[in-house]
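So you can see what is in the structure, the chains are spelled out below.
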Amino acid sequence: MSVKEVANAVPPLQKKGLLQKFGTQRLVAIIALAALYVFFCLAGDNFATYNTFVSILDSSYYIGFLAIGVTFVIITGGIDLSCGTIMVCCALISGTLYTKLEVPMWLCLILCIVMGGLFGFCNGFMVAVMGLPAFIATLGTMMVTRGLGSIVTATASVTYPQRSADDGWFRGIFKIMGEGLPSGGVPTGFLLLIVLAVIMAFVLNKTKPGRYILALGSNKEATRLSGVSVVKWEILAYVISGLFAGLAAISYASIYSTILPGTGNGFELDAIAGTVIGGTSLSGGIGSVAGTLIGVFIMSVLKTGLPFVGLQPHYQLFFTGFVLVIAVFADVLNRRRQKN
Amino acid sequence: MSHPILVMDAISKSFAGVHALKGVHFDLMQGEIHALMGENGAGKSTLMKILTGIYARDGGTISFEGQTVDYKNPRDAQEAGIVIVHQELNMMNHLTVAQNVFIGREPMRGKVIDDSKMNRDAAALFEKLNIDINPKSVMGSLTVGRQQMCEIAKAISTDAKVIVFDEPTAALTDSEITDLFKIIFDLRDKGIGIVYISHRMDEIKRITNRVTVMRDGEYVGTIQTADSTKDDIINMMVGRVVYEDPKSHSEVPADAPVVLSVRNLNSGRMVKDVSFDLRKGEILGVSGLMGAGRTEIARAIFGADKLDSGEIRINGKPIQIRSPQDAVEAGISYLSEDRKRFGVLVEKDVATNMTIASLNDFITGISVNKAAESETTLQYIQKLRIKTPSAHQQVRKLSGGNQQKIVIAKWLTRDSQIFIFDEPTRGIDVGAKAEIYGLMNELVQQGKSIIMISSELAEILRMSDRVMVMCEGRKTAEIPIEEATQEKIMHAATLRE
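From first to last, the protein sequence lines are chains A and B. Read in order, the letters of the first sequence are residues 2 to 341 in the numbering used here. Read in order, the letters of the second sequence are residues 795 to 1291 in the numbering used here.
Okay, chain B solo, but in the shape it has when bound (with noise of 0.2 Å):
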């Protein structure tokens, strides 16, 4: 570490006449990780977003190897050795890997681009990261977790000065973080600065240098991270101690009710030979690597895609599910993993999305009741604390942990007897999980049952009941919460055939 590369000073930003931003300071040096931290809407990406030219400040100062610089678009700040790794993926889906990676700055020969050079260099850009993706396949048909080692290959290539990854984990499992880490640690010694958001603390603690933190867009203060316990950090996000700890034994009685049972069931390639039951009141985790074919059960169960065999119950009867249509009449709801593509309606406002589950309840005549909606729309804001300035304010401006409330209240409204969370708090900050968490023992507490899916062990292990561990789409371990250690989930999620 020597000398800050990189200098924020004072800056400031609104939207709409609201401040997003209260002059924050911030600074990087040469070779070191720097986390920056916040809740939601703390203004951590609007900090990002500014000094990666995507947006332009309203004040403040921002100096970068000595000398004030302006950065007008993210083109200008590219080239100037400042890229970011998204939160969100970013991805042109139908073109191949290597056709991303190098958008922008392919390699041409004279005025046409060599494609088969551009093939050659993202091979040798992978091989030195030790990933294994074949340049020339479809974007669109990799997992989301190599989507996401796609796009920090692409910051990488450009001989960036300074990174800033934005949730980089969100999508990984635990053994491509440890190679993700790896090959920030290289970039690190390399003299690169790294700015990294993430809202995982044991991360935070175990790689970076530096602590920021900010809060509701202002600066709230910058620490050594060797200095400082977790506790320190949460007390300046959010001025409480959230609780962490593993759930030691079971509150579900051993003969509480069987509400579904899966035999033996097949979907496509990626759900072999499946069997388990949920019993009421119970949180049954599911774990796995990424590719497990957790969520394919998910969807096999919600009828989201088709069964190739086996049987389902709900309460000891048999039930067929075809569609999701089906399965939502069973009293399942599917909290999907992805939530702007499959969980909400990021247009439309809050209320049209927490009724559009259970519009019928909501019709009169012919037309929909507005103030019947209003009212069953504000109290499940009031009831899941739900940050959003009105029922009628658009959900692509709130933030993760609030459109997560949103879909869950969406499927409250259906008074859904199964809930089928996948990676319920996946790109959510530390205080939103507690709540989400909180909820989701609420549900178990009235008698609801919940699968859910995590790439997060120590989610797993805070959460579930008992554990349920697949690999290449089978299922490995069912393993009661008592018993169940990181170890043994790992060792099971990678017993392969």
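Extracted from the complex, chain A is given alone in its bound form (with noise of 0.2 Å):
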């Protein structure tokens, strides 16, 4: 008897039907988004205008790109807990250098990136090298960005230029408004997303980086043992949720003009909430980024519609628990169903 009979013996795997090939909890999710759209449509007045829709894709952004970054280290079966307020940490340092330093604008925002990617390093240096839990690890640079943007501004919020201002071009990378353009303005913020989405998507799946983090994910010992350095790929997770907390920080300037030191507290939980509703699993190893941008949407749609049908803005969070809690169960089910 061969090999061959003998695997013959095991019953071959069911085809994956379409269900099992897209993930129960991503589709769940797209359901979600879609009818969570036409129900605000149907029971909101005004709710289906251009400038609402715009105004969706506006509070997307920052929590957008937030989330695009936490994905990588949550599939490393880490959590980043401080992308939030390294986010605001980044947009109060670099606005300072602009508003008190006179530093050009350009190297402002490059600045911002590159000091999220700088936290992001510490991060991933404290958990690969350090050997911090990751919890910990990120707690910790959570409250010292939180400190140290009330450090660096003095406690005094800081604001970036206006759209009108010479140094106000920066908005146009996320809208771009003027004469004969729609009031709301065109969402050049959401291509970009999209842009960087695609990018990271193609990292993930079709790079060296990305599988790496998907195989330190799924199994990290047996990672180390093929011969594959987890340190340096653990880290660079970690440098990537940095680096777009740094992004996010300018589309965060650029549609909130006035930056408070001492927020962004909760944005990473929002981030870390549209991940997971997006199908990555907090036990690492299984993830993808196109999951991440439904989760974050869903998010973004009940917080503009909310109000539309007469609820204040806070309800979002509550619904959010809600889909959060059901697209993550959806999985279970399914996984539980695969099994037997």
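No lab work stands behind these hints, which were simulated from the structure alone. Where hints are given, some of them may not hold.
Using C-beta positions, here's what the derived DEER-type ranges look like [what the hints assert, rightly or not]:
# : chain 1 : residue 1 : chain 2 : residue 2 : range
1 : A       : P308      : B       : K1191     : 52 to 62 Å
2 : B       : R1116     : A       : G322      : 42 to 52 Å
3 : A       : F323      : B       : R1116     : 27 to 37 Å
EDC-like, lysine to aspartate or glutamate: derived pairs with alpha carbons at most 16 Å apart [what the hints assert, rightly or not]:
#  : chain 1 : residue 1 : chain 2 : residue 2
4  : B       : K930      : B       : D953
5  : B       : K1074     : B       : D1209
6  : A       : K209      : B       : D908
7  : A       : K207      : B       : D852
8  : B       : K955      : B       : E873
9  : A       : K207      : B       : D909
10 : A       : K209      : B       : E900
11 : A       : K209      : B       : D909
12 : B       : K1074     : B       : E1045
13 : B       : K976      : B       : E997
14 : B       : K955      : B       : D870
15 : A       : K207      : B       : D908
16 : B       : K1024     : B       : E1045
17 : B       : K1191     : B       : E1141
18 : B       : K1066     : B       : D1025
19 : B       : K999      : B       : D1025
20 : B       : K816      : B       : D852
21 : A       : K101      : A       : D168
Everything numeric in this text was worked out from a predicted model, so none of it was measured. Every residue gets a Cβ at the ideal spot worked out from N, C-alpha and C, and that includes glycine.
Two independent chains are provided; combine them into the complex using the hints.
Put into structure tokens, the structure is as follows:
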């Protein structure tokens, strides 16, 4: 009897249905997103307008960037609690550089992203080299960055130049406004978000860094024993999260203008929730950038849509909680069914 | 065979002041299969981990192809041509088979991984090795035996000059082993040096050229396999001869009461209409190929998987088992084939592990009575001769044999009546194996009953009073030990519908 025959004794894997192929969780997420949008269109007055659509997109940029970055960290089996406060800290520091030290705007923006990457590197170093649990390492960074923002600005708020000002050009990265254009503006930030998501999905699925991040999230020891430098790639995941927090800072500044020190807490949980709703597993090894974006848009639609049906935005939290639990439970059920 | 390709000399290594290796010598010829043997804790794995750069040595020299070498990490060793097939499965379960096989050396097209080439290469590799596995399957969906074949394929595909096999057959069935040996002979004929670690004496006699024996971190000696008997090797390892003959007849009286009766059991797609009885004081051996549904039966009886239909009676009374908790309360214990995942809490100490299933007996008021816990633990450490420095040693640091004894002790504290042993001696060395067998015999003498699932025919024939054979989820034979032969069992194990 050959190995082939023995192997044939095991029933072949069932043909993957569309459901399994796509992931129940992501499918649930897409359906939830569509259902929510349709619901608000029907129930809310004036929800189904171009301007509302743009404001949904506007509120998705910074959480979207944070979530794309944090997806990589979660795939390693880690967590990044600091991405929200890193974002605000970067926005505060580069804004201070611009207003107090008159550093050119283009340099401020580059520094903003670089600083994010540095904070990310610190997280990665603490986790991969020093061996701290990711929860603790990034909790520490969360507190440090939140404090640092207040120290640098002496607790004063920082205001970025208006669109009309000479250095307000950077707002055009995320939205172009002007005569002859719709009053809500053209949401170029959406394009940027999608382009970056496509690039990062490609990095995750088609390049070595992505493959090794998935591998070490699945089984770190096995990856190490395969001759892969797990330290390097684990750090990289945190650096990616940091760089995207820096980018999120720019989008945050361009949409909200005034940045308050001491804020930023809670954004990381929105980012993590979006990631998890999108099908990334908190135990590592599984995740997708596309899923993450869907998760983020669900939260944006909720946030923007609830006032249209007479509920305050804080109901967003309430409903996001439900979506989160339902989406993850659907996945748990599906895995249980596959096992049997 | 020609000149040595690898020489390790006077290798020493300590962990936290404890000598794991003391001046160990090992050499390997080109085109040789060289067995490395020794009891658990003898230092075989440590020696091989030093060779492959996973541990740094404290002293000694390694020369490979005539050059003194010093590998700092697994990658250095791999690039030089030394690879190891680990005993513990090291798989990225979420990745595909091909992604696992080519991890760390993916075929690239510029900066992009060429997945289609990778899948083709993997398919070609499997074809060459006569393994039928789809390279695109997710690793976690394969059985343990097939994962092991992937791990072997991975090592072979690196164009290695030296391959270390650390108990490669522990998870394989007899026919898979035959195929593995073909692969190994093929590699040997190509001039590759092979280090073969195994506890199975038959395999050693069958395939190796030389045997090096280690004991307690020291080098005992190297002998030509052809010039030595099994007993010679075992004597070098432990200094005593271990009884290895099959059981000739059952001591269980024909009218012994039936303690467990299973009728028309169905569960998932791996258990189909299975019925059997288990008598008091009996060892029922369950044999079959990988994927025959043996473990699944055990899991269904133990309430770990859902029952679709069927009846289970204990001492004649019908019983509903909906969860492992129900099973434990009904007096059933299950010792999993995968100790690390389901058997022991590796991060916890010996005492915690032993009392976890019977913690209620150790509670005074609202807290755990540490004194009672320690006392019971020490009692079992002595009784089962568990080699541990103390009751508070972390289980991770103990050998496989000792971990298995801890699992047995855990269930002994529950005073179970029915024990299901799933591959009880997998990855356990000869000495500890004999002790586990001794324990099982003691249990049945005390009137307890055992269901023993095993892939090793020798083990089935040695321990069972009756043998139940399975194929594709169905029971295909039930053979009293007096009539059981390897041929009969293998025949029933391949009886397909």
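Here is what the structure says about each hint:
Checked against the hint of 52 to 62 Å, the pair A:P308 and B:K1191 passes, with Cβ atoms roughly 59 Å apart. For B:R1116 paired with A:G322, a C-beta distance near 31 Å fails the hint of 42 to 52 Å. Taking the beta carbon of each, A:F323 and B:R1116 are about 30 Å apart, inside 27 to 37 Å as hinted. Note on B:K930 and B:D953: the hinted pairing is violated, with a Cα-Cα distance of about 22 Å set against a maximum of 16 Å.
For the proposed pair B:K1074 and B:D1209, the alpha carbon gap of about 15 Å is at most 16 Å, so the pair holds. Annotation: proposed proximity of A:K209 to B:D908 holds, straight-line Cα distance about 10 Å (limit 16 Å). Distance restraint check for A:K207 and B:D852: the Cα-Cα separation of roughly 41 Å exceeds the 16 Å cut-off, and the hinted pair is therefore not satisfied. Between the alpha carbons of B:K955 and B:E873 the distance comes to roughly 10 Å, so the proposed pair stays at or under 16 Å and holds.
Between A:K207 and B:D909 the alpha-carbon distance is near 8 Å, which keeps this suggested pair within the 16 Å criterion. Between A:K209 and B:E900 the alpha-carbon distance is near 8 Å, which keeps this suggested pair within the 16 Å criterion. Straight-line distance between C-alpha atoms of A:K209 and B:D909 comes to about 11 Å, which keeps the hinted pair within the 16 Å bound. Distance hint between B:K1074 and B:E1045 is fulfilled; the C-alpha atoms sit about 11 Å from each other, no more than 16 Å.
Our distance criterion of 16 Å between C-alpha atoms is met by B:K976 and B:E997, whose separation comes to about 13 Å. The suggested pairing of B:K955 with B:D870 holds, with an alpha-carbon distance near 14 Å, which does not exceed 16 Å. Distance hint between A:K207 and B:D908 is fulfilled; the C-alpha atoms sit about 8 Å from each other, no more than 16 Å. A distance of roughly 29 Å separates the Cα atoms of B:K1024 and B:E1045; the hinted pair therefore is violated under the 16 Å criterion.
The straight-line distance between the Cα atoms of B:K1191 and B:E1141 is roughly 9 Å, inside the 16 Å bound, and the hint therefore holds. About 43 Å separates the Cα atoms of B:K1066 and B:D1025, which puts this hinted pair outside 16 Å; it is violated. Restraint check: the Cα-Cα separation between B:K999 and B:D1025 comes to about 11 Å, which is no more than 16 Å; the hinted pair holds. Distance check on the hinted pair: B:K816 and B:D852 sit about 10 Å apart at the alpha-carbon level, within 16 Å; holds.
A hinted pair counts as satisfied when its Cα atoms are at most 16 Å apart, and A:K101 with A:D168 qualifies at roughly 14 Å.
Violation of the numbered hints given earlier is confined to hints 2, 4, 7, 16, 18; the remaining hints are satisfied by the structure.
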